[in-house]
Each structure stands twice: as structure tokens, then as C-alpha cells.
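Here the structure of chain R is known, so what remains is to put chains Y and D in place on it, guided by the hints.
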Amino acid sequence: MSETASGPGAARVPLLTIDELTVALPPDGDRAEAVSRISFDIAPGETLCLVGESGSGKSVAGQAIMGMLPHALPVTGGTIRFDGAQMPPQRHHDFRTIRSARIAMIFQDAGASLNPVRTIGSQLAEVLAVHGVPRSRRRPRVLEVLHDVALPEPERIARSYPHQLSGGQAQRAVIAAALLLRPGLLIADEPTTALDVTTQAEILTLIARLQREHNLAVLFVTHDFGVVAQIADRVAVMQQGVLVESGQARDVLRNPQHPYTRKLIAAVSPAPRILEHDEETPILQARDVNLVYRSGFLGNRKALHAVKDVTLDIARGRTVAVVGESGSGKSSLARCLLRLEDIDSGSIRFKEEEIADLTGAPLRRLRRSIQVVLQDPFSALNPRQTVLSAVAEGPIIHGTPPAQARVKAAELLDLVGLSAQAGGRYPQEFSGGQRQRICIARALALEPELLIADEAVSALDVSIQAQILDLFADLQSRFGFAILFITHDLAVARAIADDILVMRAGEIVEHGPASRVFAAPEHPYTQALLAAAPGLDLFQKGSAA
Amino acid sequence: MTDVHSTAPLARKRPAIPLSVKLALGFVALFVMFALFGHVLTPHGFRETSLFHRLEPPGSEGYWLGTDARGRDLFARLVTGAQITLVVAIVGTVIGAVLGSLLGIMAGAQRGKTEAVIVAAIDVQASLPIIIVALFMLAMFDNSFTLFLLLVGLNGWEVYARLMRGATLQAKESGYVTAVRALGATPARIYLRHVLPNILNIALVQFTVNLPLTILLETALSFLGLGVQPPLTSLGQIMSEGRDRLMTAWWLTLLPGAIIFCLALSVSMIGDWLRDRLDPTLRSER
Amino acid sequence: MIGYILSRLLRAMLTMLVTVTLVFLFIRLSGDPAAALVPPDAPQSVIDQYSRAMGLDQPLWQQYLGYLAGLAQGNFGFSIHTGIAVEQTFLRRLPYTLHLGGTALALAVAIGIPIGALAAIRRGTPLDRLVMGFSVFAFAMPNFLFGLVMILVAALAFGTFLGGESANVIWPALTLGLAAMGSFARFTRSSVLETINAPYMRAAEARGVPFAKRLLRHAAPNAAIPLVTLIGLSLGALVAGSVVTEQVFAWPGVGQLLVRSVATRDLAQVQFLVLVVAATMVMANLIVDLLYLVIDPRIRAK
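Chains R, Y and D are the protein sequences, given in the same order.
For the first sequence, position 23 matches number 1164 in the working numbering, and the numbering has no gaps at all.
For the second sequence, position 110 matches number 114 in the working numbering, and the numbering has no gaps at all.
For the third sequence, position 198 matches number 384 in the working numbering, and the numbering has no gaps at all.
With the rest of the complex left out, here is chain R:
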């Protein structure tokens, strides 16, 4: 946990020092303290990544440094020193001169961090106004920072409202606001988590450049070890409020000591899937599938061409990953294949039978064979239905006697790792990962031949993701169904896919065996995606266990 000075020559003088900081939780929390006796420091020009999953307390540290902890979370121990001086008590008015001027903070959802009814320019100018910058100097400075963060047409951006900016642009604007007064420390609380992979890569590059230019110290809070691999000089890992490991980034990545750290790293760099069989019989064949969403009426008609001439094959027992960013049409494609939408043109054949035009009873019969696991485990289960009833519902719908269906449901719940008493409880009593297991059990109750997983692990913590992916693989080898796995996360795709389809703007731009696509991508977009995925390349050399 203590490190020797690194880098060429000069002694390392930390700008921020956190020593044995302890913040308490209100009495009804699940533990006594949000963070317990954590210590770390950051020097100018250095990036420290604070890594942890949800509930680890990693955001609390950032709030404490800014003096923004709520009343309910009191500091009960430890000190925070910045630039040689101790910080004032929480919410003290002295913080006003510190915030943004000496320490700046940016948050996860940049769009939501901006007042929707005021222009970008006016909100940035406000920061200057509040810190006493004379009126005449405000606008030039605002335009200057907007230019600094590589936003095109700074004047137009300054005149724009937040909703007119894309996610990446909004994050740049927020970073610009943070830099207006040239602070020494930037705290970034998961700023790229909600962004596309390529946008994330741009923002990370931007932050790295700004750090170099301004000798910024950066405290980067994240749950993603891929990001750590890409930008961290030093890393500190948190679990349940405790700092379990810290040190130089390359040391920790190459040689993680603590089991929790190892688990997090393994989740990002899983061993690539070994092809167990080369079964070639296609079970589903889609040809030139098109889907257009139409909306509006009279002069206001809008058409969104979500799926364009998609052709794909899924072979029995294999796993196909469909990879793409938001808006690529991958979820729409899933809905087409699930026959939750009527396609506009093309053909979908399941086991030699055309299913694109099925309706009514034949369509419902088909549903036995193609099942789905959705993204959000918190809304995928009827809150008024017991878990057992939810899992048994599929077979009951298709004619199985209820008692028999319930017995089978109980077996399936056991198979996915839930206890015997789980069946009688309601979904609200389970965690996200557990609910997703229930959804998988529900999908398997009908013994489908094809399972479509639409971002099925995206809403889960990193360590839980690994467990669920293992579960999928395990069940697949047991029951032999094919999987179509939709994801935006290349690491996930790498862990489970036999074949990969890359989608962009409704079209498939590349497809092939996973090993080939990852090793030698042909399409420029695929290459860009792989280059942008944080940390992916660091692990391809087979470093971690």
C-alpha cells in the first residue's frame, strides 16, 4: 500500500492526501460505515483509479473531498489534506472557493449534470462569475475551454442547450466547465460508464491529454478494470468500504494480490471461448431482414430503418454474439428474430420452416423453441407473481398440468443456483444477479432450442456478470441450445462467442468466428471498436490467470 517514488528523478510530492478516512452510514444501512479507514494520495500529473463495484463506497471518497457529503453520512475519522492544508469540515462555506477553482468534479451522466433550460455558455460563464472573474473576461475564457476540449464550433455549442448535444459532446462540455479555473485536481466519477465504447475511448484520450497539458492530478472512479488498464498510473481497489489493494497500476494488473482484485480483473479479461464442436446444421436462418419503425402522422411522419438487409445463420448448439453500440439495431434484430415485431421484408427460417409471417396459434407454438432473457432484471419479472409461478408459467401456457410445471420449475430454480425456498418469494426480494438467474430459469422451462440474450448481463456488476456468463455456458453444454447474445461489451462477447456479428446503423458490417474477428478484424469499424475497447488489447497477450 505504500509505494516508493517512481518515474524519472524528482521526488513525488502528493497534491491530495487521504489518511484513514472513515465515513459512517445511517443506522439502517447494511453496514456501519460507507468507507472505513481508507488512505491514498495523488501527485500532480498522476492518475489514480479508484475501482470498485456498486456499494463499494468509491463515490463517497470523491464527495468527501469536495465537501459535499450529505448530513446523513458524517465523517467519523481520518483527514483529507490538499496542497499542504487540511480541508474544512463538510459543507463548510470555505469549500466554495475550493470547488472548481482548485478541485473540480465531473459525474456520470453529463447531460443530467447540466441545467436543461439554460445554454451551455451561460452555465459555464456562471462558474466564472461565481468565482469573481470580471464579465469581460468570461466569454473569451468559455470559448477557450470549449476549444480546448476539442468541441467543434465552440460558439454554436455555447449557444446550445444540453439536449442538443450528444453524450460525448455533453461530457466534453462538462469537462470544459471543470477546467475553467485551472484546478489542480480533477475528480471523475464514472464519467464514461454511460457512453458508447468509441465515445468512451475519445473521452479517456481527452482526459489524458488535458492531464499532460495542465499537469492535472486525476482521481478516476470506475468499476471497469479495462479503463484502469488504459489510463491508470496507480490504482486502489475498494470492496464494501475497505481498500483491499493499491499500488502502481502495472504491478497490480500483472500481479494482483487480493482475491477480490483477481476476481475483478478476471471478469474483464476472461479466457476466450474454446470451440467445443463444429456442428454446422443451421437452426435459424435470416435472409435480408428489414425492419422500419414508423411514427407520427400527417406532416410529421418519421421512419427509422432499424434493421437493414440482415443475413445471418445460427447453428445448433453454438453461441453467436451480436456486437454493436447504441443505435446499431442489435436489439431490434433480436425482436425480429423473436417475432415480437413484424419484419418489413426478408425471410426468417427456423428449422426449415418460414416463421416471418406466422401469427396467432402457430406463432405461440413457435415460442416454445425461441426464448429470451432481457436486459433489465428489475423489470423483467411481474412484481405480483411468485418466482416459482413465473418460471412455471411457460409450460402451463403450453398445456403442462400446473402441478407438474411447478415441480419442473423448482428443479430449474435449483439448477440456476437458487435455494428451494426461493420459489415462494417475490422478485423484489432478490438481487439483480439472482433475478437474472430466475429469468434464465423461466426461459429454459420451455426447453427452447434457441435462447436470445439481449444485453443480459449489462445491468449487473462486473463480478456477477462473470457468474452469469458461466451459468449460460454451463446450461448450454447441458441442454444443447444455441445462444444469440446481444451485447455492446466486447469483453463479454469474447468470453462466450463462437461466432461474432458486428452491427452498425442497422447493418452487419462484419461476421465470422470469434477468434478470427478478434485477432484480425477486416472492417474498419470493427477495428475501431476493438481499438477503443478499454484494456482489451492489454489482455489479449494472455497476461492474467
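Just so you know, these hints were derived from the structure itself, not from any lab.
Mixed in with the good hints there might be a few duds.
[What the hints assert, rightly or not] A few chain D residues that don't get close to chain R, going by computed Cβ distances all over 12 angstroms:
1) F212
2) A228
3) G256
4) L280
5) G288
6) L360
7) H404
8) A410
9) A436
10) P438
11) L461
12) L472
13) I481
[As the list claims (entries may be wrong)] A few chain Y residues that face chain R, going by a derived Cβ cut-off under 7 angstroms, partial list only:
14) S148
15) Q174
16) A183
17) A186
18) L187
19) G188
20) A189
21) P191
22) Y195
23) P201
Just so you know, even glycine gets a beta-carbon here, dropped at the ideal spot from N, CA and C.
For chains Y and D alone, coordinates are given in the frame of chain R:
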């Protein structure tokens, strides 16, 4: 993502009932008992007149709450008035709830032309306060009790319709409905077993908001002389009769008025409390 | 943006058309419209003239078109009792109702909104509970009871009579505005609470913006947006409330006129007033919708 509370299963504690709500429940219970059994406590009928005991103040012998200009016992009249007000309020609110909810669900489920017609009807109703509609109807048709009941029943149907349409649309897009659809469920099963149970408590909450408003509408119309007609009486109707003698026989207006106010207040407080308890954001833990 | 304006306009016109149609249908259903629209002592020849002019011998749809044409030309009919054109009676009384309604609305805005905002800022304190208690009280209080109590107290304690056209508008305005005050307070409170806890408020705090400025320049503009809708909606409640309040205070406004016309079955007068109310509310909703274009930049983008 940045919260510190765990996502592990937890047991929900049942929150205690606040004192104010307990008092409100108590009053409502008292009122209902009064309406149902009040006549036992007085020897006089609500239409029984007496020439010798006109305009007697409360506390007079034989007449606990006094008499009106025709010598009728105010207590007895209040009991009957309470019965009628209660019946009109409950039946009326139920009519509005059922009609509005059905239309709203239909609009959300069917879309297309059905939805367009229902939405247009909602817009029209939203442009006309129900009291205006009621007055318009009462100007043209004879004021029968049935008509009056129907008009009061229309109070707020468009709010139910709008709420249930929104809730149906939302439920249709929700994860569990998509999943059950993918299981092969028929539309009937989807609506009856999955959508309806989850949107019904929105209608229930609106019911508690609507009930005091219906009470106030009925009493207002009766107060204007355009509601419940003699020989029937309601709390508002009693007030309209006593209104001219406000200075001399204040008990004829203020006593029924106070009961109306306390009833509306109690029901509204109970409704607020129920709404807090049934709020969907409390039901599922993240 | 043009699409938004056009669709709102279309919706307003459609609503008005349906309302007019329904009024027409109900009047036809209820009896002889010609007789209802002329003074009672009119000779049969006049009634027949009206019948022919109204085309009562024609098929229903033709009558309907004639009705629409009549409305467009300003032919609203005459009061049965006074023989005066209905719009004249209305116009004579309108200023009183506007005075009453305007004062009530002003009171509701001036009192309800600030206490609601205060309650949100001081959430959980006794002040907050007081404001919430007040809003529940105001919601449940029948306005006729409140008015009568005020009149009684004023008469007994001060010997003054609060009713009639020469009395001060403040008393009926307080009565009418009480319910609106309560709902404004409650609504403002929840709107401000929502904006106070919004992410952009926390981000502004992180940028060093002091609390007062955050409230004024970030929370307030956002909280104000749904308030505009509320004020538009409260118009209906004010119209409904004025019917009763004017009766209680003998205030010679449109509400009193409506009640009287209903009681005497003056169909022409009632029909006119109903259509006027509908037109006013449709216009008010339209104005609110268009106002959104000005205050919410996100709507402008559509």
C-alpha cells in the same frame, strides 16, 4: 451505481399508522355508523314536522341538534342526509372509476381509432368542469335522482381514463410483459394476469383522491338547489334550506357543513396515506 | 416546432367542434329548441319562423350545419325571461367574474407558490408540515361553507355584510382562491423538491455555485415549467368554484347567472354560457401549450 446500500434481499417493515390518519379513520367509521344507525337514536322521522318546535337551537329538549323552519328534527335529517350523501359519493365514485378505467385501458390496449376517439372524449371532458356539464344537463332534463347520480358519477372519469391509458401503455412495454409474450401467452392472459393487477392500484389511488371531490360536488350542487331534491335530502340540501336563516339559525347550515368538511378531510387524509403506502417506487427495491 | 403548433391548434379546434356538436345533440334531445330559444310570450308565428329559420323540418345533419352557421354569425338566441340577447347579459356580468376570478388567482399564486417553495426547501420541518396541513385543509373545505362562515363571522363580529355587488372583492376571492392556494402550495412543493434533488443541482454545487443562486437560477426555472400547466388547469377549478361562490356572496357575476338560468330553464342562456366556458378553457389550454414553447427549450426542438 454509486449508492452504498446493498442489493441483498431484505424484509420490509410495516410502517405505523400516523395519529392523524387514525383520527381520520375514526371519523369515517363514526360517520358511517351515524348514517347506518343514527335513526335509532332519535324518535323523530326526517320528514316529521312540528308547528310548536320550529327553529329551536341545539340542546333543546327532545331535539339534540335543534329544528328547522318546519319544525323538523335536525338530527334525523342529518342522518338521512348522511345516508344519501354517502350513497351518492360512493356509487358516483365507483361509476367514474369503472367507466374511466375501462375506457383508459381500452385506449391503451387497442390504439388506433378506438384510442383516438377516447382521447378526443378525454380532451372534451377536460375542457368542461363537471359542474358545468351537470348544470347543462339539469337545465334540459328533469332532475331525477338517477340522472343526478349519473352526473355526479361522471366526476373525474377523464382522469381515470388518462391515468389507465398511460399505465397500460407503460405496462405493455415493460420487461415482464415482453417476456410473458415471448413465452407464448395469449393477449387475454397477458392483460388479465399481468397488466391488470399491476395497474389497478393506480386506479385505487385515484379513487381515494376522487372520493372527496365527489362528495364536494354533490353537496355543492345540492346546496345550489340543483342536486338532491325534496322530499329526499342530503347534507348539502339541508344547508341550502338553512342558508337564508344563517344569522338566526346558524346550526342549520354550519352543522351539516362541518360534517361535510370533516368527511372530505378524513377521506382525503386516508387517501394520501394509502397513496404513500402503495407508491410503486416503494414496492421494488433496487 | 411547426408540427407542435399545428397539432395543438388542430386538437383545440377538434375539441371545440365536438363540444359544440354534443351541445347541439343534447338540446335537440331535450325538446323543442325553437320554443326554448324565444321569449315565452312570443306568438306561434314567431316560433314557426324560428323553426323554419332553424330548419327543424330538415334532416338532422342539415340542422347541425345551420346551427354551426348561426354560431359563426353570432346568433346565440335570446333569454326566455328578459328577452335580451344572451351575449349581452353575459357581457354585462363578465367584468364581475373576471374581477373575482382574477383576484382569486392572484391570491393563489402570491400565497400558494411561495409557501409551497418554502415547504420544499425546509422539508421535514414544522413549517413544511404546516404548509401540507394547510393544503389538505384547503382541499377538503367546501367553498360554500367557508364563505358562509366568513359572512356569519363578519356579520356577528363586525356587523358588516360581505355580500352584494358593492362589497369588497377580497372576501369572495379568498373563498374562491382557497382551494387553489392549497393545490398550488402542494404542487409547488413537489416540483421544487424534484428540482432540488436533480443531478444538475449537485453538479452546480460541485462547480461552486452558492445555494441561493442555485435555487434561483437552476431550480426555479425548471420548477416553474410544470407550474404553468397547473395554472392553466386551475382555470377550470376557478370557473367551477365561482358558480358556488357567487351564489354565496350574491356576487353579480356569470356564475350566478348560470345558476339562475339553469333553475329557470333558460336554455338559450345556459347553452351560450356552456359554450363560452368550453371556448375559454380550450383557449387557455392552447395558450399554455404554446407558452411551453417559450419556456422549455426542449419542446422547441421537436
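Hints violated by the structure (listed by number, smallest first):
7, 8, 13, 14, 15, 21, 22
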